[in-house]
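Order-wise, the sequence lines are chains A and B.
Numbering-wise (this note's numbering), the first sequence opens with residue 1 and increments by one.
Numbering-wise (this note's numbering), the second sequence opens with residue 1 and increments by one.
To be clear, the hints were calculated from the coordinates, so they are not data collected in a lab.
There could be a bad hint or two in this list.
Identical chains share a label here; the pair holds if one copy fits it or two copies do between them.
Unchecked claim - Derived EDC-like pairs (lysine to aspartate or glutamate); straight-line CA-CA distance at most 20 Å:
1) 230 x 172
2) 225 x 43
3) 161 x 28
4) 226 x 117
5) 225 x 115
6) 230 x 3
7) 20 x 135
8) 360 x 313
9) 20 x 132
10) 302 x 172
11) 273 x 301
Number of protein chains: 2
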Amino acid sequence: MVDVAVIGVGMMKWGELWDKSLRAVFVEAALNAIDDAGVDRIDSMYVGCMSSGLFAGQEHLGALMADYLGVCPIPATRVESACASGGIAFRQGLIEVASGMSEIVLVGGVEKMTDVDGGGATYALSTAADQEYEDYNGVTFPGLYAMMARAHMEKYGTTRKQLSEVSVKNHDNGSKNPNAQYRMKLTVDKVAGAVMVADPLTILDCSPITDGAAAVILCPLETAKKISKKPLVRVSGSGQATDTIALHQRKDRTWLAAAESAAEKAHKMAGVKPSDIDLAEVHDCFTIAEICAIEALGFAEKGKGGSVSENGETAIGGRIPINTSGGLKSKGHPVGATGVAQICEITEQLRGESGERQVKDAKRGLAQNMGGTCASSVVHILEVA
Amino acid sequence: MVDVAVIGVGMMKWGELWDKSLRAVFVEAALNAIDDAGVDRIDSMYVGCMSSGLFAGQEHLGALMADYLGVCPIPATRVESACASGGIAFRQGLIEVASGMSEIVLVGGVEKMTDVDGGGATYALSTAADQEYEDYNGVTFPGLYAMMARAHMEKYGTTRKQLSEVSVKNHDNGSKNPNAQYRMKLTVDKVAGAVMVADPLTILDCSPITDGAAAVILCPLETAKKISKKPLVRVSGSGQATDTIALHQRKDRTWLAAAESAAEKAHKMAGVKPSDIDLAEVHDCFTIAEICAIEALGFAEKGKGGSVSENGETAIGGRIPINTSGGLKSKGHPVGATGVAQICEITEQLRGESGERQVKDAKRGLAQNMGGTCASSVVHILEVA
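Given the sequences, and given the hints that come with them, work out the whole structure.
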């Protein structure tokens, strides 16, 4: 397989973008990525999006976005894997470049979630769960993650304060990210005392409903050496895995087996171990998700994700900075865009472009994206080339 | 890139499958493909599906289908490109095997369309068009293809009888296909005299609403030589392209530029020309679509698709047999499954397994799948290895 580099990243300010359409949001991020890469063409593109059908009455996003980006007749493919759509779209772009089928590939992720009301958004998101056994019985994602949190608390003694620490840290990071949706700082008391959504999770344990897009440009590393004016960032590892879609069918509600499996594959491909990673973006759709993710990824021992978060090891300047972008919690979570935005953050960190939230001497970063209650997960490792 | 073979195909009886769920339909076809290939594992899988969110309240089909097929934790990715979802999922599987990332890959396509009412199905399908400029103004797909038909009639003198001949021929073929949804034979008068849907298209010019799935197994040709007990079928060409999503923005409403572009790429990759192809499955969502497709693919001169259809050149035994399976018209059109089923038909024909509808001495076949009014299209060429 051909070695692949990320040569361009494109972000935009995320939030409630009522004055921008689905296609406008995507095109803005895509053009930013093309500008950042300095390329004058793309050969193929992918669009990660979870549910534009339910959120916006529009499927067929590959063709739509190629059209509005002005790049027809290139191939354009939409990839969906619930909230892992962006990360898995990135993997498809990686495979296409690695195969030699195409040279310069754009991968964008997008979701426009605020054009439906709260019930509509909750319904659309619920389609990531098992429709016949979970949705049918009325459980929503805050409810599912609350069950995971309660199980983690009972099994390992994880505390309400530890959940809060994740949110406080991610908002601290997000306050330094001009593209983040919610840049206010929080306190542990404020998180714990906020409106309860599904006990023990308050609204400040939950990532928000967001409109936004993100995009990156991939090409062979050898091409990047010739055309890129930025520090080179290579994709050294990629892993993707699945687990039972329904939470109740798993042996252990506290363990993200798909994230563990995806990470093992990515580490093996990159020839590194978790202690070799300098920073990571992980899928903190809820505070408990970050605690479970850092355990599955090998950044904390099993059951210790809460205490590792509480003692500052995951803060910028800590042992393993997690979600320097602000994560899904503060930056926002336009579900199809999230996995691509994680790649943008890691790339910028490895280039040393992250300003106030820069991790010192960052040479290798990891991005972990997941769908549903981690029925699908994808992990990428990026390195300074 | 690694040379890739199709070593297994899995079809099932298509129709109104009210006693089978979305997942059950997919798993049935996937198990048939695994049995046909004789493999004891798969390393990765793709699910082509257009709009399970709107048709069934279920996204995240990669994880769901991997779970119910019993193959977790392998990677599983859902691909969407409207009615080209299946063909483009096949291309993703092809690229993954060609890259060396995985060895044995399953590609399935599925759609369960009859669990919503007719209005719900029409709405879900309309999301393949431009939501802001086409759907918003009330046009549906029969309306869009009727405009294409009317333009073709005015520009080239294509007749009502020529449209009917496509439907009659495809039902003749489908009458010999035990998996087809509608196996009755038709006459030109019956087609022309059926209930009008959008002038000049009657209900017998339109492909039906269908539940169904199809699946194939891909692996490197070298692996196939070792493990396959069936005649070897190699994927020699692949091309994918896009066009403006909205029909009114095209220069020529009668020309499928994305199909032409995809076919050119596939022919170039395979090193062949249209006259080297022995049979083809093309995307006859409406009778006019087959007429336009055979022109764009180079099987008929521009404007001559109608007369070529009328004079029997596209029948089994004719110059270039088209839609030996019965096509979307007779076999049915579960939109996400269609592109994969086309590959099943071509593979079986090349193996000489097509019984009553076998094309004599078939050595090379082409499959053309498209989304919307051909805003996306994908073409594959398969050959006896």
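Here's how the hints hold up against the structure:
1. 230 x 172: For residue 230 and residue 172, neither the intra-copy (28 Å) nor the inter-copy (61 Å) Cα distance is at most 20 Å.
2. 225 x 43: Result: close within a single copy only, 18 Å intra versus 33 Å inter.
3. 161 x 28: neither (39 Å within a copy, 48 Å between copies)
4. 226 x 117: neither (48 Å within a copy, 56 Å between copies)
5. 225 x 115: neither (42 Å within a copy, 53 Å between copies)
6. 230 x 3: within (17 Å within a copy, 35 Å between copies)
7. 20 x 135: between (31 Å within a copy, 19 Å between copies)
8. 360 x 313: within (15 Å within a copy, 70 Å between copies)
9. 20 x 132: between (35 Å within a copy, 13 Å between copies)
10. 302 x 172: neither (26 Å within a copy, 63 Å between copies)
11. 273 x 301: within (14 Å within a copy, 60 Å between copies)
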